[in-house]
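Novice: In case you want the letters, here they are:
2 protein chains.
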Amino acid sequence: MFQLSNLLKNPIRWLGSDGELSDCVLSSRIRLARNLVAAPFPHAASQRDLGLVLEKVTQAAKKSHALARAAYIKLSEMEKVDQRFLVERHLISEDLTRDSHNRAVVIGEKELVSLMVNEEDHLRLQILLPGLALDRALEQAQALDGELGRGLLFAYHKEFGFLASCPTNVGTGLRASCLVHLPALVYTQNIGAVLQELARVGLVARGFYGEGSKVYGDLFQISNATSVGKTEQEFAEAMTAILKNVRGHEIQMRERLVKGAAKTKTLDRLWRAYAALSYCRLISFEEAMQELSWIRLGFSLGVKFDHLALAKVNELIVLAQPAHIQMHAGRELGPRERDSVRAALISRTIKGKGQ
Amino acid sequence: MFQLSNLLKNPIRWLGSDGELSDCVLSSRIRLARNLVAAPFPHAASQRDLGLVLEKVTQAAKKSHALARAAYIKLSEMEKVDQRFLVERHLISEDLTRDSHNRAVVIGEKELVSLMVNEEDHLRLQILLPGLALDRALEQAQALDGELGRGLLFAYHKEFGFLASCPTNVGTGLRASCLVHLPALVYTQNIGAVLQELARVGLVARGFYGEGSKVYGDLFQISNATSVGKTEQEFAEAMTAILKNVRGHEIQMRERLVKGAAKTKTLDRLWRAYAALSYCRLISFEEAMQELSWIRLGFSLGVKFDHLALAKVNELIVLAQPAHIQMHAGRELGPRERDSVRAALISRTIKGKGQ
Chain A
1 MFQLSNLLKN PIRWLGSDGE LSDCVLSSRI RLARNLVAAP FPHAASQRDL GLVLEKVTQA
61 AKKSHALARA AYIKLSEMEK VDQRFLVERH LISEDLTRDS HNRAVVIGEK ELVSLMVNEE
121 DHLRLQILLP GLALDRALEQ AQALDGELGR GLLFAYHKEF GFLASCPTNV GTGLRASCLV
181 HLPALVYTQN IGAVLQELAR VGLVARGFYG EGSKVYGDLF QISNATSVGK TEQEFAEAMT
241 AILKNVRGHE IQMRERLVKG AAKTKTLDRL WRAYAALSYC RLISFEEAMQ ELSWIRLGFS
301 LGVKFDHLAL AKVNELIVLA QPAHIQMHAG RELGPRERDS VRAALISRTI KGKGQ
Chain B
1 MFQLSNLLKN PIRWLGSDGE LSDCVLSSRI RLARNLVAAP FPHAASQRDL GLVLEKVTQA
61 AKKSHALARA AYIKLSEMEK VDQRFLVERH LISEDLTRDS HNRAVVIGEK ELVSLMVNEE
121 DHLRLQILLP GLALDRALEQ AQALDGELGR GLLFAYHKEF GFLASCPTNV GTGLRASCLV
181 HLPALVYTQN IGAVLQELAR VGLVARGFYG EGSKVYGDLF QISNATSVGK TEQEFAEAMT
241 AILKNVRGHE IQMRERLVKG AAKTKTLDRL WRAYAALSYC RLISFEEAMQ ELSWIRLGFS
301 LGVKFDHLAL AKVNELIVLA QPAHIQMHAG RELGPRERDS VRAALISRTI KGKGQ
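Protein chains in written order, with our numbering: chain A, 1 to 355; chain B, 1 to 355.
Don't read these hints as lab results, they were simulated from the structure. Among the hints, erroneous ones may be present.
[What the hints assert, rightly or not] Only pairs whose alpha carbons sit at most 25 Å apart, straight line, appear in this in silico PhoX-like list of lysine-lysine:
id : chain 1 : residue 1 : chain 2 : residue 2
1  : A       : K74       : A       : K56
2  : A       : K353      : B       : K74
3  : A       : K9        : A       : K74
4  : B       : K304      : A       : K351
5  : A       : K351      : B       : K351
6  : A       : K351      : B       : K263
7  : B       : K353      : A       : K265
8  : A       : K80       : A       : K63
9  : A       : K353      : B       : K351
These numbers come from a predicted model, not from an experiment.
Isolated chain A (complex conformation) (with noise of 0.2 Å):
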């Protein structure tokens, strides 16, 4: 039977530091949006519809060759820290943990490819890469798309393309994003203009839980908000050309923060985040991203931290969200218990003693 635990032990391929630009973009997801004609969109389906569409969905998966061996489980016979685990490992989202009856998500082996069904539309797939990838995303999203509207029927309009639940989505149904670390332009306080040069063509920003949420460890994530007018294509081909355009903007402020008399500020800050996560006892999530942040900074500026690799860092970024430090321990914390749980994981990390 499949563990849940077993993830843990998975590195955490889509934030691999050999992706292109991965030294700014952490990662790229497509998503699409599909619907089947023989049920109501979620929100007006009966649990007998949810229940018919799971089924069908389950069976055109087990079909595809991109979820061959993929993981299928039924939100409905998880715990809710296990639920929340899959939101922090960007497997499923919130959205779809509200309401657990027939709700239920399909997870590829390495955990790139993903479909959650029932959330706000029937189908939603996810392809999930490293660094700034989202032509190669699109097209394996699209080979899915086709691999499993061989056994479905989605609905389709001729003039205004799928149709969704949500207007913005309707049209290609794609949504592409990446996860974007952007700490010099946040430290130079240059991050406003650009988020707002963002809006102006059509992007928006959002914190590291997306809509509404917070952004922790000056990280982003930008997508497109509608999906009408272009083709995937084109909608892919536009945000790389702007993600290449943000990152340039970072990189010269990353290069602004070694030059002359500003330069021992910012080693003093970068080591004094590689010493606080190295001696820690305890430690907060949003502590731990900030530091983990400065850290990332640092890789790119070429400082070498003893024994760390870039890798660790960003898999830091993953495993010290609540839920992952509730899985590493192997049972549920209170807040003060994950600190302390927390503090020793990104300790022993750090110092390269493993996790």
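Based on these hints, arrange chain B on the given structure of chain A.
Specialist: Frame of chain A, contents of chain B only:
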């Protein structure tokens, strides 16, 4: 010729970590104020008078056993930064540096004995010992007083005792003071009540640089407010008893910091102090003192900091001061440069790579 910078190579003996109750009382100081009948008090004296006093005191000091191999330094022959260096070393007062004409200091071989000439009084002799050692310091001060008194005629009134510029010093001319480290009383916010209690029994608590100065690193100068009404021995004994009592409170609070749930929080704070001092690239004197305070507290709680001896931590309290940092660098430095040199000195010392 005597070189001030040579002092930098001396261990700071009055901060030795082997003194009695030195987990709390860093050092004990006895100061005796004396004036010669041969001249008016300094504030009313002409430069000729002051010159005469200086000559007489110097002659008497040169015959003293306790001041064998002492250095004789005229304030007028020193740079401001060097004067400041001696203030930081507790060898002269700030008052002595206000006007340098005919002002001088005599520094005994190990810096445990010193004389200020023409400060507020013609003569102020000082014995400075590690730990709680007011009785021993008093004995040595009296011996030196006796030696000097053979060659000098002190202003003495049968009824009032030794005369001095300031009424609070008339009588024995004695000030007994201890440099006391009270981090747990500060942290647990019990320090206010303790300071009030001290005032009630005729003691005053001052900051790191004496009257009106700021408290750094939870270090307080505790001394008697007046010098009449008791013999020198009675002063020293009463104060010793009170300080043992204050230390009792402090130790009780320290124990509370490592009991139950408080322990992890305390260890977190201690190790973060160690981390910051090990890895900083810029550090102000104030922050350094605060973090060193935590480290000292850690030692008294039995924490083993790798490679680090308490004596080194105590020395840093002196060596981290602005004029010491400049003496260490061999030149005058701006505030920012000092913060940088201080950080380098401290992190090398804390990591056990020597100074």
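Novice: Compare the structure with the hints numbered earlier in the document and write down the numbers of the violated ones, lowest to highest.
Specialist: 2 and 8
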